[in-house]
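Engineer: Protein chains in written order, with the numbering used here: chain A, 1 to 317; chain B, 1 to 317; chain C, 1 to 324; chain D, 1 to 324.
It is worth saying that the hints were derived from the structure and are not from the lab. Just so you know, even glycine gets a beta-carbon here, dropped at the ideal spot from N, CA and C. Just to be clear, a hint being listed does not mean it is correct.
Short, incomplete list of chain B residues facing chain C, as computed with Cβ under 7 Å [what the hints assert, rightly or not]: (1) 132; (2) 148; (3) 308; (4) 309; (5) 312; (6) 314.
So the derived list for chain B, only partly shown, Cβ under 8 Å to chain C, looks like this [as the list claims (entries may be wrong)]: (7) 1; (8) 5; (9) 54; (10) 87; (11) 97; (12) 99; (13) 151; (14) 155; (15) 157; (16) 280; (17) 313.
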Amino acid sequence: MADPLILFRTMLTIREAELALARLFADGEVPGFIHLSVGQEAVAAGVCAALGPQDSVASTHRGHGHAIARGISLEGFFAEVMAKSTGLCGGRGGSMHVADLQRGMLGANGIVGAGAPIALGAALAQRTRGTDGVAVAFFGDGALAEGAMHETLNMAAIWRLPLLMVCENNGWAEFSRSDTQVAAKLGAWTAAYGVRHVEVDGNDASAVAAAAEDAVAAQRHGEGPRVIEARTHRWRGHFEGDPQRYRDPEEAARMAEHDPIARSRATLLDAGTPAATLEVAEAEARDAVATAIAAARAAPPADWMAALSGVYAPAGA
Amino acid sequence: MADPLILFRTMLTIREAELALARLFADGEVPGFIHLSVGQEAVAAGVCAALGPQDSVASTHRGHGHAIARGISLEGFFAEVMAKSTGLCGGRGGSMHVADLQRGMLGANGIVGAGAPIALGAALAQRTRGTDGVAVAFFGDGALAEGAMHETLNMAAIWRLPLLMVCENNGWAEFSRSDTQVAAKLGAWTAAYGVRHVEVDGNDASAVAAAAEDAVAAQRHGEGPRVIEARTHRWRGHFEGDPQRYRDPEEAARMAEHDPIARSRATLLDAGTPAATLEVAEAEARDAVATAIAAARAAPPADWMAALSGVYAPAGA
Amino acid sequence: MAELRMVQAVNRALTESMTEDDTVILLGEDIGAAGGPFGATRGLQEKFGPDRVRDTPISEAGIIGAAVGAALSGLKPVAEIMFMDFITLAMDALVNQAAKARFMFGGQRGVPMVLRTPHGGGLSAGPQHSQCLEAWLCHIPGLKVVCPATPADAHALLRAAIADPDPVVMVENKALYAMKGEVDDAPAPLQIGRARVARPGRDATIVAYGAAVHWATEAATALARDSIEAEVIDLRSLQPWDEATVLESLARTHHLVIAQEAVEAFGVGAEIAARMADIGFDELDGPILRVGAPFTPVPFAKELESAYRPDAARIAAAVRRTLD
Amino acid sequence: MAELRMVQAVNRALTESMTEDDTVILLGEDIGAAGGPFGATRGLQEKFGPDRVRDTPISEAGIIGAAVGAALSGLKPVAEIMFMDFITLAMDALVNQAAKARFMFGGQRGVPMVLRTPHGGGLSAGPQHSQCLEAWLCHIPGLKVVCPATPADAHALLRAAIADPDPVVMVENKALYAMKGEVDDAPAPLQIGRARVARPGRDATIVAYGAAVHWATEAATALARDSIEAEVIDLRSLQPWDEATVLESLARTHHLVIAQEAVEAFGVGAEIAARMADIGFDELDGPILRVGAPFTPVPFAKELESAYRPDAARIAAAVRRTLD
Ligand SMILES: Cc1ncc(C[n+]2csc(CCOP(=O)(O)OP(=O)(O)O)c2C)c(N)n1
Ligand SMILES: Cc1ncc(C[n+]2csc(CCOP(=O)(O)OP(=O)(O)O)c2C)c(N)n1
Ligand SMILES: [Mg+2]
Ligand SMILES: [Mg+2]
């Protein structure tokens, strides 16, 4: 069972980092396209709590939470999105490509649906090498329309690979309701491939963690693919700067009621965690983010000569 | 209700044409890759019997039957596969690209799965132009693994387009059993998109025709996509020249019991059709094929200058 | 005469074509209610309805495949792929179906569809949202490829593309969407395949397209200060491209530089150079130089991206080098 | 020393690499039990088991995507795409993922995968089963591209490709699969990027790759009857390609012809020509000529296909023309 306090801390870190990112973006310190997962933190925190160091994760364009939940360096993260040479990717990738291969974080991905077959390949590698590792593919409810999702689930099912597909169902695909784009009901769809699907409250980190732990445990013992559908909310625009004219303002109010962090906090308090502990956690998250930003700010800008010679392995490598 | 005698005639013509093609191929008169649908004629005949001139069909690499059932010129067909300038496609396409746009035959297709989105587009055109026409996408059981199948069915479902997807389930994808490649059960899979699926005996042309008529009638009145799965048998190799070492010789015996033409013949006789009528039909099919081959043989070879200038519309067209 | 941004010129061309011809339909992700990620289709769904301006699922292969089928069935679909990087998902429909149908069906019918897609960097959009992949499409018999550098050309090329009986890809440089320029109220129709002399000159020829036209013009202005008069040719159409205009210019200037935003190696400029090293060989008084992006993915960081992207200085240096 | 067909040389390279390194796995359609559509993987599933020689569904995008993921996770996947025409379905995984991962992840890890795929005509396989699309891949930073002309090079290049820490595409000309040639029992490792002088000569340089190497050699033999000694360079590797060897030859012969089976326009030869029109300009005593396929899809009919495909006569004519 995932420790609720750890889940709380992970979510706090994601939230702090992303809200800071929003400010940095607004201030022009972060360029490019930035897709925040504010409101969806419980999914990243819960799923990644079920994983070990041998497991891997392929993420999406909305991938900060997954990366942070996998334990990437916050400084490396901020340095990356702030385009510094100390960034996880040397400033070459940015928000849509945050990756930490050492931590089994196979990258955010700018191509909707593209992470799924990559995770499939990671699961294939785990199985072929005889490990008990699993691979997770996060995907959005809109991404389900891509052909890659079907090819991936089919191959995972045929080969019984330890692939955990996690749908972050936030109801939106960019500026459209995903139900105007995707006819397939995820549960029925995965059942058609003989794959088990569970739906969880994606705003409840412990529920997500429990579902993921259950799936991963089965997979470590040889079970094939599983699908988790986590219903959650995208609090902000599709990307930073999105005026969200397509959105009913009432939705915001409804979303706030499902804040995964507030809920986690309340549950912890109910369970007797001292308020001070939570406040410490909050302060620590804030500090960690502030420290990381300060370090990233002080770092040198991305280095063109390094980039130029970084396309292929050095000769003789 | 499709006239059983017409179905019989259509199947005979397909069978005669393909067996003649096999001989021509063996004799070196037909080059390239040739995929025969011998044994599967009831599907093409049955489905196309439900269609009118306004409807369209996108086919597969195994497309001769669909083309013939759509009423293409046999002479144009043979001239095409024999690479003559009088071929339906001027000898530029060959077996995998037989097409007759005037007859709504949007082409055989060398790319597995590629016909489906093309048929989707044809259905979209029908709906947009306010006709009551439908579009048919034939596909194989192996093709179901392609992402295009998922994208197509999803869009057809979301947009409620008159797309009839017809699976010719012959159990094989090239040299492999398709159930080693496709986990998704077609019925459950289509149901997940809210699309109706019916399974028919693909060796019974009348049953196929009835299922297709039912689907098309509903679609002419505004219903969205439907899927028909026709179980049938591929009597020959994947392509001509395939030694079929992967195949249990007993399968051949079992297949012969399900010969759609023998069955159609027996049913017609039972229903009181004079044997002479059937013999006449057989003779006519043979004659039509022989005449077409003779004409194709006499035709001039494909014309390079015409091909060279046939990539774009002539200027000012 | 109106002053329009390039994105508005695209919008106007779509509006006009859709008004004149009700077989023209639009397909793409968030092009309808949302008006398109860059606003190119803004207001069109209100005007023409959701059947003619169709919001699609995130299914690039299916979108282009459906456009092929619709085009074979009497419509003129104009599909949008949100970033050119995503055409990687739709190459079968584009290359194996749309491009080949007329030929492989023996001329029975063409595929009168248009694909609009933005390319190019400058937005820190990173390696998967910035590529210029037009050279791929130019290599495919059956496709036509155009790339406007001005609002007027965006309008005229799109009108021509929609009127064309064959599949045309219009590549729109996203950094130019906001660029303003005059667009005639009733411009003369433009023929695909005709280049434009963006700036006349006698000392060297700079061939460019898309955003590089502006860098080339800027380079020419700088060179003029040293009395080097470079002629800038805006190709506008990449497949077919206007060999005659380039050759004619080269025959006057005897020096050739080709500029593009795309990766230099195996890019569009290679074909222009190769062709001129053949049919223009006798005119050449110096090496043919190309200016394009180096052989790396498009980097995210602003500093990296500006080191990466070609510019006027590099073009001017190339002109000087070939004149040397 | 053994005499092998090219397809057997491929098979031997796979066998050796899989024997030496158990992280090498194969993925593809009907490559296992059936031994591959062209027999390149015959016997390998028996030898290495179904986990290392994996028959896949008909899911090209998924296959290459999975190869990327597996390569990022410690395996060395060698994927087969049955016909090069079908890479159109897998371009995202190849171009946006495999090619860019090392760069866009800041050098954390490479993608040591190989894609083997046959190209080329001569089999009346028609417009969707005959294309030569290698120029696309050469345009993409992060990919390497090789194309053998002989069994020995097929073996050596595939061994090098599998050993390479970055993604390599090996394009195999299907008309050459049956070609026989000597393959050393323990050949020296070959470095990707090195051309081979297939035939020495002093009067003109013919650069070619794949099947065109043989046409070029045939052309050179014919020209020799008229005392024209053409040097034939077999590129072997298209990205990176051996600029130094080509330039060195050009500096001796002063005349350049480039031959390829692919469509001439915007093909590989364009880059070679463009580069030599820059760095080799001073060496050129005649126009650079290219011989490639005309600008049409590959036709089905034998008569059409032989009119379509370049051959020795066209290459010889080009040599004569540039020497004129
Ligand atoms: C192949 C591809 N098509 C389109 C896009 C543009 N795009 C980015 S995110 C997105 C919507 C994704 O929706 P969903 O999968 O639900 O993820 P969410 O944004 O809700 O997290 C789209 C269309 C893209 N990046 N890649
Ligand atoms: C995209 C693509 N991948 C692979 C192939 C090679 N291929 C041709 S037919 C075939 C099997 C198709 O099986 P199925 O869809 O069941 O049709 P059937 O041959 O049984 O009629 C394959 C793999 C192809 N033509 N196109
Ligand atoms: Mg969503
Ligand atoms: Mg089958």
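Engineer: For every hint, state whether the structure bears it out.
Structural biologist: Cross-check of the supplied hints:
1. Taking 7 Å as the C-beta contact cut-off toward chain C, the hint placing residue 132/B at the interface is violated, the least distance being around 14 Å.
2. For residue 148/B, the suggested interface contact is upheld, since its CB lies about 6 Å from the closest CB of chain C, less than 7 Å.
3. Here the hint on residue 308/B is broken, as its CB sits about 10 Å from the closest CB of chain C, past 7 Å.
4. Contact between residue 309/B and chain C, as hinted, is not supported at the beta carbon level, the nearest pair being about 9 Å apart and thus beyond 7 Å.
5. A least Cβ separation of about 5 Å between residue 312/B and chain C falls short of the 7 Å threshold, and the interface hint therefore holds.
6. Taking 7 Å as the C-beta cut-off, the interface hint given for residue 314/B is violated, the closest approach to chain C being about 9 Å.
7. The interface hint given for residue 1/B is broken, as the beta carbon of that residue sits about 28 Å from the closest beta carbon of chain C, more than 8 Å.
8. Against a cut-off of 8 Å between C-beta atoms, the interface hint on residue 5/B is violated, since the closest Cβ of chain C lies about 31 Å away.
9. The criterion of a C-beta within 8 Å of any C-beta in chain C is not met by residue 54/B, whose closest approach is roughly 10 Å, and the hint is violated.
10. The interface hint given for residue 87/B holds, since its Cβ lies 7 Å from the closest Cβ of chain C, which is under the 8 Å cut-off.
11. Given the 8 Å rule on beta carbons, the hint for residue 97/B holds: about 5 Å separates it from the nearest Cβ of chain C.
12. Below 8 Å, beta-carbon pairs count as interface contacts, and residue 99/B has one with chain C at about 4 Å; its hint therefore holds.
13. The beta carbon of residue 151/B is positioned within 8 Å of a beta carbon in chain C (closest approach about 3 Å), and the interface hint is therefore held.
14. Here the hint on residue 155/B is kept, as its CB sits about 5 Å from the closest CB of chain C, short of 8 Å.
15. A least Cβ separation of about 10 Å between residue 157/B and chain C goes past the 8 Å threshold, and the interface hint is therefore violated.
16. Because the beta carbon of residue 280/B sits about 33 Å from the nearest beta carbon in chain C, more than 8 Å, this interface hint is broken.
17. A least Cβ separation of about 4 Å between residue 313/B and chain C falls short of the 8 Å threshold, and the interface hint therefore holds.
In summary, the structure is inconsistent with hints 1, 3, 4, 6, 7, 8, 9, 15 and 16 from the numbered list given earlier, while agreeing with the others.
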